[in-house]
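Student: For this one, chain A is given, so just place chain B on it according to the hints.
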Amino acid sequence: DAGVTQSPTHLIKTRGQQVTLRCSPKSGHDTVSWYQQALGQGPQFIFQYYEEEERQRGNFPDRFSGHQFPNYSSELNVNALLLGDSALYLCASSPDRGGTGTQYFGPGTRLLVL
Amino acid sequence: GNSVTQMEGPVTLSEEAFLTINCTYTATGYPSLFWYVQYPGEGLQLLLKATKADDKGSNKGFEATYRKETTSFHLEKGSVQVSDSAVYFCALSHVTGGTSYGKLTFGQGTILTVHP
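For the protein sequence lines, the chains are A and B, in the order given.
Take 1 as the starting number for the first sequence in the numbering used here and just add one per residue.
Take 1001 as the starting number for the second sequence in the numbering used here and just add one per residue.
Next up, chain A with everything else stripped away, as it sits in the complex:
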């Protein structure tokens, strides 16, 4: 049973560029959440997708957007990159029904903005 997968593993971009990160949830999970983890900090919630719609959003600007596909996979897009966007981006999946709030994390995509 494959866990949560993310691609790419590492990415280097320059300021002002745009980036797309991808996530495939754990089998049987239909809800995907994205988190940003700056160096030395705990993960911060960006948003959550369910049934192809953004269901909940954290305190992140509109430059951060996402999408969920019918197969439950998801993308995170960040426009107009800033140096401060350098971080580890984590995707987590969970079942919408019958869960206990547990989210299962992928290995993350490490983004460096120069």
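Hints are not guaranteed to be accurate.
As the list claims (entries may be wrong) - Covered stretches of chain B, going by a simulated chain A footprint (3 or more residues, C-beta under 8 Å):
#1 1007-1019
#2 1060-1074
Said to hold, decoys possible - Derived CB-CB ranges, DEER-like:
#3 Pro1116/B <-> Glu53/A: 50 to 58 Å
#4 Gln56/A <-> Lys1052/B: 37 to 45 Å
#5 Thr1026/B <-> Arg55/A: 21 to 29 Å
#6 Gly84/A <-> Met1007/B: 25 to 33 Å
#7 Leu114/A <-> His1115/B: 30 to 38 Å
#8 Glu53/A <-> Arg1067/B: 33 to 41 Å
#9 Phe60/A <-> Glu1042/B: 17 to 25 Å
#10 Ser27/A <-> Gly1041/B: 33 to 41 Å
#11 Arg1067/B <-> Gly58/A: 26 to 34 Å
#12 Gln56/A <-> Asp1054/B: 49 to 57 Å
#13 Pro1116/B <-> Phe69/A: 45 to 53 Å
#14 Gly84/A <-> Leu1046/B: 37 to 45 Å
#15 Lys1052/B <-> Glu51/A: 43 to 51 Å
#16 Gly1001/B <-> Ala38/A: 15 to 23 Å
These are calculated hints, taken from the structure and not from any lab test.
Don't be surprised by glycine CBs; every beta carbon is placed ideally from N, CA and C.
Tutor: Chain B in isolation, oriented as in the chain A frame:
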């Protein structure tokens, strides 16, 4: 709003020492509580969880008890190993209406280093 506070780190111990990492939370209602572990260069792995007051979560020798009266969920292990060296995160989530939706709110993390 919800928040989680972890003890200041880093924590450095000798192998076989006793470990406690303190975690307290602020939340309305009855959140679920979690400990996640992050090994160098990796994502987060669920270590243990508790979903209601007085529940004890346990895994790999680690334990934590959901204490509603003190709003705490301290992590303990009786005898740590070098392989336990990692960053430990306390987190909470709200589960409402039978669904699992709801963000995880994390503490700042505690770095644990265990020496032989």
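Student: Hint by hint, say whether it matches the structure.
Tutor: The hints, checked one at a time:
| no. | hint | in the structure |
| --- | --- | --- |
| 1 | 1007-1019 | violated (count 0) |
| 2 | 1060-1074 | violated (count 0) |
| 3 | Pro1116/B <-> Glu53/A: 50 to 58 Å | 51 Å, holds |
| 4 | Gln56/A <-> Lys1052/B: 37 to 45 Å | 23 Å, violated |
| 5 | Thr1026/B <-> Arg55/A: 21 to 29 Å | 23 Å, holds |
| 6 | Gly84/A <-> Met1007/B: 25 to 33 Å | 27 Å, holds |
| 7 | Leu114/A <-> His1115/B: 30 to 38 Å | 36 Å, holds |
| 8 | Glu53/A <-> Arg1067/B: 33 to 41 Å | 37 Å, holds |
| 9 | Phe60/A <-> Glu1042/B: 17 to 25 Å | 24 Å, holds |
| 10 | Ser27/A <-> Gly1041/B: 33 to 41 Å | 25 Å, violated |
| 11 | Arg1067/B <-> Gly58/A: 26 to 34 Å | 27 Å, holds |
| 12 | Gln56/A <-> Asp1054/B: 49 to 57 Å | 29 Å, violated |
| 13 | Pro1116/B <-> Phe69/A: 45 to 53 Å | 48 Å, holds |
| 14 | Gly84/A <-> Leu1046/B: 37 to 45 Å | 29 Å, violated |
| 15 | Lys1052/B <-> Glu51/A: 43 to 51 Å | 28 Å, violated |
| 16 | Gly1001/B <-> Ala38/A: 15 to 23 Å | 19 Å, holds |
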